[in-house]
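Chains as they are written, first to last, in our numbering: chain A, 553 to 865; chain X, 942 to 1423.
Treat the hints as calculated values from the structure; they're not laboratory data. From the three backbone atoms N, C-alpha and C, an ideal C-beta is built for every residue, glycine too. Be careful, since some hints might not be right.
[What the hints assert, rightly or not] Here's a subset of chain A near chain X, in silico, CB distances under 8 Å, partners left out:
| # | residue |
| --- | --- |
| 1 | Arg643 |
| 2 | Ala691 |
| 3 | Ala725 |
| 4 | Gly809 |
| 5 | Gly811 |
| 6 | Phe828 |
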Amino acid sequence: MNAPSVKAAFSRRAGPRPQSLREWLDQRFHYWALAPTLVVLLALTIYPLVQLLIMSVSTVSFAEGRVIWRPSGLDNFHTFLADTIFPTAIRNTVLFVIVVVTAEMLLGLILALIASQVKRLTGLLRAVLMIPILVPAIAIGTVWRLLYNFEFGVFNQFLKAFSLPPQNWNGSALLALPSIMVVDIWHWTAFIFLLMLAGIESLPIEPMEAARVDGASDWQLLRHVVLPLLQPTILVTLMFRTIFAFKVFDEVFLLTGGGPGNATEVISLYINRVFFGQSRMGYGALLSIITILLTAVFVILYNRTVRRRSSAA
Amino acid sequence: MTTAKKLDRRQFLKVTGVLSGTLAATTLAGCAQPQPTATPVPPTKAPAAPAATAAPAATAAPAVSTSATVAKVDPITILINDSPWFPGFEKLVGLYEEKTGNKVNLAVTPFTGMLEKTRNATTASESEYDIVNLNEGWYATFYAGKFMAPLNEIDPTLTVDPNIIDYSNAMRWSHEKNYSTKDGTLYGLPINGNIQLLYYRTDLLEKAGLKPPETWDDVADISKKLMSAPNLYGFATRGQKAGFAVAYDWLPFLRGYYGDWVAKPGEDWTVTINNDAGRKAMKKWLELLKTYGPANVADVGQAELQQLMLSGKIVQALMVVANWAAMDDPEKSTVVDKVNVTVLPKPVEGRHATTTGIWVMGVPKNLPDKRKKAGLTFLKWALTKESQIEYTKFGAVPVRQDVYTSELASDPKYRWMKAMADSTQYIVESIRIPEGPQITDSIELRLNQAIAGQMSGDEALDNMAKEIYDVLQKAGYATKLG
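Put together the whole structure using the sequences plus the hints.
The following block contains the structure:
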């Protein structure tokens, strides 16, 4: 049902003034039908968000055997303005998102294009490529921490075999963030690959055959037929992956803990430390609100850009 | 004949809608945030318990009963973390059940979730746990916030056996001084006596005719003579930023030079971390780590440091006693019977100091009396000498001095116990105020930056001082920069 017909269906309900409760309920049926969804939304999204907002202008303390909320006005905001770590965390997070999402999108797309052309052992290929997303984050952290180990890690053993000096992968300010990026790319490229492959496999065959008949080369076919047709999949995947990457936590927590210094401090890790480690719930809530706003701004700008491009096309 | 009336789809949705609306209203009303308030809770009726929080007299009756006299109590639930010493505790609980017939449920949880679970339990209308295990970094919050039951309110006759090590008043909290003091209220009992020791390679020292180090300069001398990097490092502590890792390992240096993070915790809150003592401590620590430690020391955490020792790649290391269990385990260690421990070294003109990293068990305040008594019954039993001896045999770290000086200590398997016994007198508390985690985060970050070469030691200290001052000042302590 398209939008005007929905409107028409709803407007049909607006009749003469109800004469009984039964009639009144009946006339407003469409509202009651929405109620279950609204309840879930209120209980699981709106209510916690409102609580978070209240918390962000409060000081929460644990005293006298209970939790005490005190309104603190703009105190938390002043703390935020003086905070030197949060801007570093934002910078690191943005850098992380740009690098890993770009790399994962490219690699995922390339792998999907290759896999879509492979005729033999496709099941095996897909199963192997899926392995990283099946491994729990804690196992990934442990395995990669061992791989990066300065004394015994595979990478440094490899360097030593070629008489190269071992590298301080997680402990050097220069290498620590790139080291985490590598792990993330390894972990999430499989996710992009799966979505892209599903997108490619659902593309209509006719335009491609027509392009071939017209003498299009492989590159022309990809550039002018496959990629434009795949654009909706690419855009949705890009948006979701960007949002997920913005929330990176476990890999950083397990590999470097945000160090050395603040070289790998990211937003989620910092909020976790403030909220749970330091028990500064009010300030932690404010940082969470700011993070939500940043993500919302990204989603709005992204949607606007996509819409503008679509209408231009 | 009755006919079941069939609900059509529309009626069903209507009913669901009405019910959902009602449910939503009820839920939101039930979850409504209490009015933010600064007003303290009206004082509850004080129980007629004596203020039996004075320091135990040397003649005090044992705090614990023998197993034969343990009362029959209801089953209890203990919230406990799955740390390396947990298997020992689990066996101790098994022994308790076997000897007394009382039942214990263990709510085992990873360390990461412990604080939240404890907080949820102690702020609920009634705690689901009868005993909670409190970490060195948290118990100040739970004591100061009155979330734990004063143990003398549960049992007015309870006194703490002088053989139970007090870990610099870790069991007590003075609400007047806002610090753990000798005359504070008794809120918890220690269950894991983790402190720092110096681990060293006996085989290498003996071969070179060297004695175990007494001072940090001895550590440097031994390192200089035996080090052969990158195959064998001289000395290391943790350098990694990880909650309370590098800061915890640095504190013995600071205290060794008679310094501290404030002039006198609990009495004088002047920030002194960057005074002469602090600078000397920083200089010595950096010198030892940068000269004799592994090149990646800024990324060395607990696991890496233990690995270095177990794989025979380091001569000396500052580690907690909890690391000992793996040293003589042939499946994990290449240095079985080649490692020993001693009291942490001191500066040549300083003092020995070792920092508490213990766990304390407390009984939540929000429990009915019967449950509180059941919880305390277990704790009293667990701290008897006989229980603690078994606890040691199970692989845990006991908390009684008479266990450390018992016959068990002469068994080579338990050779670590002598260093523990000798270290008791040098125990200094970690940063034990509710704002402690904020302060340790600052020290942790700045030390990590100093060892990673991102700032000088002096800069790191000055940053720490300013940040500690800000935290204290904001929390209302009478503080100033020293």
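Comparing the hints with the structure gives:
1. Arg643: 16 Å, violated
2. Ala691: Result: violated, 14 Å to nearest chain X Cβ.
3. Ala725: Interface hint status for Ala725 of chain A: holds (6 Å vs cutoff 8 Å).
4. Gly809: Hint holds; Gly809 of chain A Cβ to chain X Cβ min 5 Å, cut 8 Å.
5. Gly811: 4 Å, holds
6. Phe828: With a closest approach of 7 Å, the Phe828 of chain A hint holds.
Hint violations for this structure: numbers 1, 2, all remaining hints satisfied.
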